[in-house]
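Residue numbers (the working numbering), protein chains in the order written: chain D, 1 to 418; chain W, 1 to 387; chain G, 1 to 241.
For the record, the hints were derived by calculation from the structure and aren't laboratory data. Hints are supplied without guarantee of correctness; some may be wrong.
[Claimed, not checked] Label-pair restraints from in silico Cβ distances:
{"#": "1", "chain 1": "D", "residue 1": "406", "chain 2": "W", "residue 2": "145", "range": "54 to 62 Å"}
{"#": "2", "chain 1": "D", "residue 1": "372", "chain 2": "W", "residue 2": "74", "range": "45 to 53 Å"}
{"#": "3", "chain 1": "W", "residue 1": "190", "chain 2": "D", "residue 2": "122", "range": "25 to 33 Å"}
{"#": "4", "chain 1": "W", "residue 1": "327", "chain 2": "D", "residue 2": "12", "range": "38 to 46 Å"}
{"#": "5", "chain 1": "D", "residue 1": "317", "chain 2": "W", "residue 2": "5", "range": "40 to 48 Å"}
Quick reminder that beta carbons are idealized off the backbone N, C-alpha and C, glycines included.
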Amino acid sequence: MNTVKNFIKLSFKNIRRHPVKNFLIGIVIFLASILFLFNGSLKENAESAWKDYFSRTFTGDYHITSYQGLDRDYTLPSFTLPRKMISSQIIDYLDKNQVVYSKRIKIGAAVYDDKKSEFKGSLPALIGIDWEKELALLSNLKIVSGRFDPDLPNGILVWKEYADSLKWKAGDEITLYMKDTEKNTYPYSFRVMGIVNHQEGASLEGKGVIQMFPALFVSYQYLALQLGIEDNQAVEIAVWDKEGKYEKDLKKLAEENSLQYFQGTQGYGIVFGIVELLGFFGSSIAALILVILVVATLNLNMMGFFERRKEIGSLVAMGARPFWLVGLLLMEMVVFATLVFALACGFYFILTQTGGKGIDFGEMAVFFAGKKFTAGFELQSVVNGYLTILIVSFISSIYPIYLTTKINPVDVFREAEI
Amino acid sequence: MTKAKIPFQNVLRHRFSSLIFILIFAVSSFVLYWSFGYANLISSILNDSFYDSYGDMVFFTDYFEKDKIQTLIQDPSIERVVLDREIQGILENPEKSDLVILSELTPDNQNRLKRYIRPVVGTLPKNTEDIVVSEFLKEGQYQLGETVTMQISTPDKVINAKKFKVCGITKSSGWKGLGSAFLITEESMTELLASNRHANVISVFLKNKNETREAKKEIYQGIKKTLEENKLEIKDSWMTYEQMDKLASFSGLFASVKSLVMILFFPLIGAVSAAIVWMYAFRRRKELWTYSALGMTHGSITVLMAFEYWILTLTGIITGLGIGSFTSYLAEKANIWFRFSYTFVSPLLTEIHTGDIVLIVMFLLLCVTFWIIPPLKRIVKAPPFSY
Amino acid sequence: MKKIILILLLLWIPSYFFALSGEEILKKSDEQWVPDICSYLLTMKTIESGGDEKENQFKGFKKGSVKNVMTVVKPKKISGSVFLRKDDVIFSYYTTNHKLNKVAYQSLFMGSLLSYGDVLATELSFDYNVSKTEETGEDYILTLTPKQGQSGYGKVVIQIGKKDFLPKKRDYYALSGILLKSCVFNKIEFDGKNLSYMEQEFFEPLKERKTIVSLSSVEILKDIPEKYYNENFIQYLSGLK
Chain D
1 MNTVKNFIKL
11 SFKNIRRHPV
21 KNFLIGIVIF
31 LASILFLFNG
41 SLKENAESAW
51 KDYFSRTFTG
61 DYHITSYQGL
71 DRDYTLPSFT
81 LPRKMISSQI
91 IDYLDKNQVV
101 YSKRIKIGAA
111 VYDDKKSEFK
121 GSLPALIGID
131 WEKELALLSN
141 LKIVSGRFDP
151 DLPNGILVWK
161 EYADSLKWKA
171 GDEITLYMKD
181 TEKNTYPYSF
191 RVMGIVNHQE
201 GASLEGKGVI
211 QMFPALFVSY
221 QYLALQLGIE
231 DNQAVEIAVW
241 DKEGKYEKDL
251 KKLAEENSLQ
261 YFQGTQGYGI
271 VFGIVELLGF
281 FGSSIAALIL
291 VILVVATLNL
301 NMMGFFERRK
311 EIGSLVAMGA
321 RPFWLVGLLL
331 MEMVVFATLV
341 FALACGFYFI
351 LTQTGGKGID
361 FGEMAVFFAG
371 KKFTAGFELQ
381 SVVNGYLTIL
391 IVSFISSIYP
401 IYLTTKINPV
411 DVFREAEI
Chain W
1 MTKAKIPFQN
11 VLRHRFSSLI
21 FILIFAVSSF
31 VLYWSFGYAN
41 LISSILNDSF
51 YDSYGDMVFF
61 TDYFEKDKIQ
71 TLIQDPSIER
81 VVLDREIQGI
91 LENPEKSDLV
101 ILSELTPDNQ
111 NRLKRYIRPV
121 VGTLPKNTED
131 IVVSEFLKEG
141 QYQLGETVTM
151 QISTPDKVIN
161 AKKFKVCGIT
171 KSSGWKGLGS
181 AFLITEESMT
191 ELLASNRHAN
201 VISVFLKNKN
211 ETREAKKEIY
221 QGIKKTLEEN
231 KLEIKDSWMT
241 YEQMDKLASF
251 SGLFASVKSL
261 VMILFFPLIG
271 AVSAAIVWMY
281 AFRRRKELWT
291 YSALGMTHGS
301 ITVLMAFEYW
311 ILTLTGIITG
321 LGIGSFTSYL
331 AEKANIWFRF
341 SYTFVSPLLT
351 EIHTGDIVLI
361 VMFLLLCVTF
371 WIIPPLKRIV
381 KAPPFSY
Chain G
1 MKKIILILLL
11 LWIPSYFFAL
21 SGEEILKKSD
31 EQWVPDICSY
41 LLTMKTIESG
51 GDEKENQFKG
61 FKKGSVKNVM
71 TVVKPKKISG
81 SVFLRKDDVI
91 FSYYTTNHKL
101 NKVAYQSLFM
111 GSLLSYGDVL
121 ATELSFDYNV
131 SKTEETGEDY
141 ILTLTPKQGQ
151 SGYGKVVIQI
161 GKKDFLPKKR
171 DYYALSGILL
181 KSCVFNKIEF
191 DGKNLSYMEQ
201 EFFEPLKERK
211 TIVSLSSVEI
221 LKDIPEKYYN
231 ENFIQYLSGL
241 K
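Bound-form chain D, shown alone (with noise of 0.2 Å):
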């Protein structure tokens, strides 16, 4: 302990004792610091911003679905009924634990346009859901026009910019067609009964060639019925869990019976695409700056053996033991990296506290789901960050460190050139 507390002590005072190199090697792990923190913030909110949107205005905070790989997509939905259900387990779990949740009947229906007696588009989400439970939850729906009428049987309520794009208003009637259970295919008919739209975020509307959101909701027991499936069954199930308590279990369960678990992001391809894509542009970032940060520190570290040769061959001349050596130089790597690792983070946590309300990307806000960016401290960046750091100075560290076990005292009190 007493060798631990020395080291330290020696490492500080070896830091101060070469200001100039120490602060420029600073400036460059500042920054990567600074980077990672600024990263993860960037894909945090980028994450639960849409989490937090998709939550609550399609699709709760995650899903469980019998649809197998892509199939599950609400912006390009699979026309067939998946093979089976969403088993009694997993709604036994959730009745048992009083979780939040709503059963679902998803299908891609085609729409059929009666006048010109042709098919249009792509195919939408026909969304069944418990009108009472889910209108309340996704509090983020707003009906724009028309009124939702829980009498209406076959009322839909029609995701607005896809309304437009096909010039449907409230009242008017129209033909879809669904496959059903016994996979035969047959026209329907629905009643726009409203257009919703979102109260607030997303600015996806008018981007991207696709409808991103081509939603319809209807009631659940009407599309059971006219699909074939039996009361209470579910092709998925939203579940409304913040605190993400009974995730863990839902995702174990999901695995057993076969089932795909998914965040609302998940769910529309789309958006998780440009999430990604987010995360991929501030990963290679960081990853040229620590690739850079690698040169330059075995270069720096480098020259600093060799600019401390005389002091290390002192101390080989006074008995010191190559391993004690090296326990040195590595302290005082990592009490320098720490050092400059927490200011890095105190100075981005001052930012994060000074931001105010966020910062508005503008038309970049779509990456946040609309909302503005705000700095967050995520423990796992920190965490993720200051590991990479140390890891990073320590392979520069690598090299030089093998050089000063091989020094030899009397050579290099000799004048020699490098």
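Given the structure of chain D, go ahead and fit chains W and G onto it with the hints provided.
Chains W and G only, in chain D's frame:
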């Protein structure tokens, strides 16, 4: 002359430190090459893909006779009218049936679309039995060499079918069929439709790509009216700039990558350069003071040293850009693709312009100049042999 | 010798001049097995390559070559839905949406491998020309191509018995010559002069599945009211017998 020789000699004399400095700038310029190159590629794909696929405006209609349409659509602003065929059909084999969009690859559109249609396996269709399938939402469903049958309805409303062999699998088809069209040769399409007189896609290319929106809209409305007057039903149509507006934010993001990387690199590389220069200049302080003692001014010593570092920087830049170019060539051969969900698909390629090279060189030189002068000056200005 | 030659000539010349043309053979065949005005029960059983089976049943009323209407008996879910062929147009009325729609000739019918045209256009002579006529010992082999402006297959090759002019086999080809489906007439039974039962087996080589179509409870009628073929009336048909 002597003053010019000294930096070169110093570079060779201090080989280790020179190598380190070159390495730093080689890595930096390599990174800048790829950042700029990739951002340019994506930006230009987003900006050009719609135009390359469908021109300034496009009309998807019922089948029409090509000769008739060519005479109908006339306007002095129009450079050319391209008549293609893009149809829906059912692709079948014993295990599956898929409703797909089938597009023909003509020599003309293949030339325009070659940037986007790069099969991840296999080749583009050459023979009439060849078909390139899209992986969009169908990943792993089709294998190279597999035989499939395409069933369609001809312009004369007769059912036709044709067997194809999967010759290639692609992640993108430009914007043909919303990026997911299956591709066959022109001859193959003629066989399938039993006609080369008919087409159903009208793409209009204007002489002036930068024509005002109002002018484009006028031409668009005019063509629409002409087609309607001739009782040709238009199923869908758009002007390319409308689609580009929808992608503007994504295009802007990639265009801003260059600026972002430069903003990050300036302090990063600068700090590294400054640290290196400080340490080496400190070690060579006796050399510098000797110059001073010999009567050289502080300014000329600084320039002398700076010149040495410029040589190293330029060497590093040339090395880095060379490696960047070579790795770009290798990446193109390897045909690597990125996919983020089904939103964004792109090949790992670069598109570097002369202006980018000039920018990279100027930026790095400026960076090194800005950051090395203060540590050099500090040492040079200190009383000679004082420490 | 000269007398024998003369007798043979006298027999051959009329047969040459009075031999039936392809069109006539086809028309005769159509008339032979499908009564002109009748009601019937049509049952369709589709068997997928995996073994899954699906059965549909319809009550139909045929009047001449170009008027045929069917109401769905099975599946119960869409019982009362109606399909009408009138001249060149096919209409559908589903009880799931209570709307009248036009349907394309080639659209697949009720999840089977038959098209609407296959089911509702029973008399090929109306939609197809005979482009080639061949004969074997027992059968006529006719090659049919669609008439100008008519929807249809690229080519239909049918085998008709010489003795009874009943169809034996039909092969449906795409324009390219790919065989899309085959149909074999397993049974054609008569009650006196009138058709009492008919069974066809359709097979689709591309997907290795088959549909068995049987016609039963055939009742010859003197007439069928025109309103049965009025697209605005067909929604009421299910209540009629």
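Hint check results:
As the Cβ distance of residue 406 (chain D) to residue 145 (chain W) is approximately 59 Å, the hint placing it in 54 to 62 Å holds. Judged by the Cβ atoms, the range 45 to 53 Å given for residue 372 (chain D) and residue 74 (chain W) holds: they are separated by roughly 52 Å. Between residue 190 (chain W) and residue 122 (chain D) the CB atoms are about 28 Å apart, so this pair conforms to the stated range of 25 to 33 Å. Under the hint 38 to 46 Å, the C-beta atoms of residue 327 (chain W) and residue 12 (chain D), about 43 Å apart, fit the expected range.
The hint said 40 to 48 Å for the Cβ distance between residue 317 (chain D) and residue 5 (chain W), and at roughly 42 Å that hint holds.
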